[in-house]
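K.L.:
Whole structure, please, built from the sequences with the hints as guidance.
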Amino acid sequence: MGKLLGPETREQLELQQLIACSDCDLLLERKDLAEGERASCPRCNNTLDERKKDTSNRTLAVAFAGLISFIPATTQPLLGLQAVGLTNQASLIECIVSIYNSQLYLVSVLVTLFCIVIPLARLLIVCYLMILVKRNKQSLLGLRLYRYFHEWEEWGMLEVFMLGMVVALYKILGLASAIYGVGLISFASLLISATLVTQFLDEQYVWEKLSGQR
Amino acid sequence: MASVKLPSARSQGLAHCHTCHMLNQLPEGDHHGQCTRCFAQVHFRSHNSIERSWALVIASLIVFIPANMLPIMTVNYLGSGTADTILSGIVTLINLDMAPVALIVFIASFLVPLSKILGLIILLITVNRHSRVEPVQRTVLYRIVEFLGKWSMLDVFVVAIMGAVVNLGYITSIEPGRGAAAFAIMVILTMFAAHAFDPRLIWDLKDNE
Chain A
1012 MGKLLGPETR
1022 EQLELQQLIA
1032 CSDCDLLLER
1042 KDLAEGERAS
1052 CPRCNNTLDE
1062 RKKDTSNRTL
1072 AVAFAGLISF
1082 IPATTQPLLG
1092 LQAVGLTNQA
1102 SLIECIVSIY
1112 NSQLYLVSVL
1122 VTLFCIVIPL
1132 ARLLIVCYLM
1142 ILVKRNKQSL
1152 LGLRLYRYFH
1162 EWEEWGMLEV
1172 FMLGMVVALY
1182 KILGLASAIY
1192 GVGLISFASL
1202 LISATLVTQF
1212 LDEQYVWEKL
1222 SGQR
Chain B
36 MASVKLPSAR
46 SQGLAHCHTC
56 HMLNQLPEGD
66 HHGQCTRCFA
76 QVHFRSHNSI
86 ERSWALVIAS
96 LIVFIPANML
106 PIMTVNYLGS
116 GTADTILSGI
126 VTLINLDMAP
136 VALIVFIASF
146 LVPLSKILGL
156 IILLITVNRH
166 SRVEPVQRTV
176 LYRIVEFLGK
186 WSMLDVFVVA
196 IMGAVVNLGY
206 ITSIEPGRGA
216 AAFAIMVILT
226 MFAAHAFDPR
236 LIWDLKDNE
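Chains as they are written, first to last, in the working numbering: chain A, 1012 to 1225; chain B, 36 to 244.
Some, not all, of what chain B presents toward chain A, calculated at C-beta under 10 Å:
hint : residue
1    : Phe74
2    : Ile139
3    : Val140
4    : Thr207
5    : His230
6    : Arg235
Simulated from the structure, these hints should not be mistaken for lab results.
Glycine included, every Cβ here is placed at the ideal spot set by N, Cα and C.
P.N.:
Written as structure tokens, this is what we have:
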């Protein structure tokens, strides 16, 4: 838990020794956390800070794994169906083209953004940042990219698309027999890698490294 | 804890950066500035948070109507086509003996967007009325609304996948409908509405006690 401030302690502390809760704005004293330790807001239980183990190596490894999965996940068939001797399969890119051809231009742009552009950009950014952190480099460009990495987080929708495939699979099974493509496994692996990136990334540590505060 | 006066960062002239969580000392009289670490905009409280959030909530409620009235896809089977809206698609799933999937779609496409809008309305009204009721629970409500955001895109993705995969010419094919676009717009509006709401407003009265 974060440490509450007494009425007189505020003046004695430097800006960097203080931390505020992002959800309730409670001002607290920043504690140096040990590896694996987590500080939460005593008032609204929001996570304030968490030290993670070996963050740059682990994050780089899973982000790289995600980038490798990216190509088959987008270009290889995800699902298909089979009926009376006919088969048809579609990859993620073919899904986008198909919805574009149905004149739903907005939807095709949104699917491209949420399932390809933003997840890919975030993986590339995090790889670059982890290399900067490992080399102890301060970087203005790194700080800017890291800001985008956070601002775009909620617009990456790999997990929603994965659930969408499960629902689509059941719907296809209601029509005909289904085919599972290579893309499906690659997409699952991409999703797992992207999830592990957020698990392994020590947010605060990277901010401090990039800005030279650590 | 009620007897102790808990200082907010704002009461000390400090603005918390929502991107990098750094505290910024703003010059006297300023309400916003730029974060000294990550250069994002920092505010004591998001600018016009309540008004922007209300506007987006009302807009998403309006778009909710076409999103549910227009067909999201048309299933062609041996020459005859049936157009499905979100709700009639759920009924179709139940008729195909797929109740668990129908439940997932019902929750993600209907219950989630509606409860998200309802949750935001509760938050906006209580903040407007300077309510002191259960700030912890209202903060949890805000976190749920924020977390749920993207999951309502589920049906849009399902339509995109089905339209491409189910394509066997005359035997069976699926044509995505305008409802999918309206639905996507509605989801994005609710996400922006949740984003516009500043949860720190829930706690402002407590600090002044």
